[in-house]
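Just need the whole structure built from these sequences, with the hints factored in.
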Amino acid sequence: MSRLICLLLSLLFLLSCSPDKRRGDAKYKLKDYAGAIKDYDKAIENDPADAKAFCLRGAAKQRLNDYDGAIIDCSKAIQIDPDLAEAYCERLRALLFSVKNKKNASYQTKNS
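Take the position in the sequence shown, starting the count at 1, then add 433; the result is the number in our numbering.
Some hints here could point you the wrong way.
Heads up, simulated DSS-like pairs for lysine-lysine below, C-alpha to C-alpha not over 30 Å straight-line [stated by the list, open to error]: (1) K475 / K462; (2) K485 / K471; (3) K533 / K471; (4) K460 / K485; (5) K475 / K464; (6) K509 / K533; (7) K509 / K462; (8) K464 / K485; (9) K533 / K460; (10) K462 / K485; (11) K509 / K471; (12) K460 / K471; (13) K464 / K533; (14) K475 / K460; (15) K509 / K460; (16) K475 / K509; (17) K509 / K464; (18) K485 / K509; (19) K475 / K485; (20) K462 / K533; (21) K485 / K533.
What follows is a set of in silico ranges between Cβ atoms, one per label pair, in the way DEER data are often shown [unchecked claim]: (22) R436 / R496: 33 to 41 Å; (23) R436 / L497: 24 to 32 Å; (24) Q512 / N479: 12 to 20 Å; (25) D516 / P481: 13 to 21 Å; (26) F530 / D474: 16 to 24 Å.
Everything labelled a hint here was simulated from the structure, so no lab data went into it. All C-beta atoms, glycine included, are put in the ideal place defined by N, C-alpha and C.
The following block contains the structure:
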């Protein structure tokens, strides 16, 4: 019985996600981050209060080394839903990579 309830809840969750967000998720899993961003853009256009879509778009931007864009998207997700823990994690990861890349760029400039 509990398996059936879990399955039904999973199906309800999938049905509650927009088709654009589901497509974006599929592209993200295939490492098509640019394609995922386009689908998340559409999901956000259709529902500007979708914190999860902002967070997912931020994660995809991060994978393309757009750390500033990732930070902005994750911050927007947090603004919409302060309880979305994933947004805090993605924003922190983007901040750390951003600092690391800036340090590396500074080091390379000094040693050139």
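Against the structure, the hints come out as follows:
With a C-alpha separation of about 18 Å, the suggested pair K475 and K462 falls inside the 30 Å cut-off, and the hint holds. Annotation: proposed proximity of K485 to K471 holds, straight-line Cα distance about 15 Å (limit 30 Å). Note on K533 and K471: the hinted pairing holds, with a Cα-Cα distance of about 27 Å set against a maximum of 30 Å. In summary, the hint linking K460 to K485 is supported, as the alpha carbons are separated by about 16 Å, within the 30 Å threshold.
With a C-alpha separation of about 18 Å, the suggested pairing of K475 with K464 holds against the 30 Å cut-off. Pair hint K509 plus K533 holds up; C-alpha atoms about 23 Å apart against a cutoff of 30 Å. With a C-alpha separation of about 23 Å, the suggested pair K509 and K462 falls inside the 30 Å cut-off, and the hint holds. This hinted pair checks out: K464 and K485 have alpha carbons roughly 18 Å apart, not beyond 30 Å.
Restraint check: the Cα-Cα separation between K533 and K460 comes to about 27 Å, which is no more than 30 Å; the hinted pair holds. Between K462 and K485 the alpha-carbon distance is near 16 Å, which keeps this suggested pair within the 30 Å criterion. As the CA atoms of K509 and K471 are separated by approximately 17 Å, the hinted pair is consistent with the 30 Å bound. Taking the CA atoms of K460 and K471, the gap is near 10 Å; set against the 30 Å cutoff, the hint holds.
The suggested pairing of K464 with K533 holds, with an alpha-carbon distance near 22 Å, which does not exceed 30 Å. For the given pair, K475 sits about 14 Å from K460 by alpha-carbon distance, which is consistent with the 30 Å threshold. Between the alpha carbons of K509 and K460 the distance comes to roughly 22 Å, so the proposed pair stays at or under 30 Å and holds. About 16 Å separates the Cα atoms of K475 and K509, which keeps this hinted pair within 30 Å; it holds.
This hinted pair checks out: K509 and K464 have alpha carbons roughly 23 Å apart, not beyond 30 Å. Pair hint K485 plus K509 holds up; C-alpha atoms about 10 Å apart against a cutoff of 30 Å. A C-alpha spacing of about 13 Å is found between K475 and K485, which places the hinted pair at or below 30 Å, so the restraint holds. Between K462 and K533 the alpha-carbon distance is near 25 Å, which keeps this suggested pair within the 30 Å criterion.
Distance check on the hinted pair: K485 and K533 sit about 26 Å apart at the alpha-carbon level, within 30 Å; holds. Our hint of 33 to 41 Å for R436 and R496 holds, since their Cβ atoms are close to 34 Å apart. Between R436 and L497 the Cβ separation comes to about 39 Å, which falls outside the hinted range of 24 to 32 Å. In this structure the supplied range 12 to 20 Å holds for Q512 paired with N479, their Cβ-Cβ distance being about 19 Å.
Between D516 and P481 the beta carbons are some 18 Å apart, a value that agrees with the proposed interval 13 to 21 Å. F530 and D474 have their C-beta atoms about 22 Å apart, which keeps the hinted 16 to 24 Å range intact.
When the structure is compared with the earlier hints, a violation turns up for hint 23 alone.
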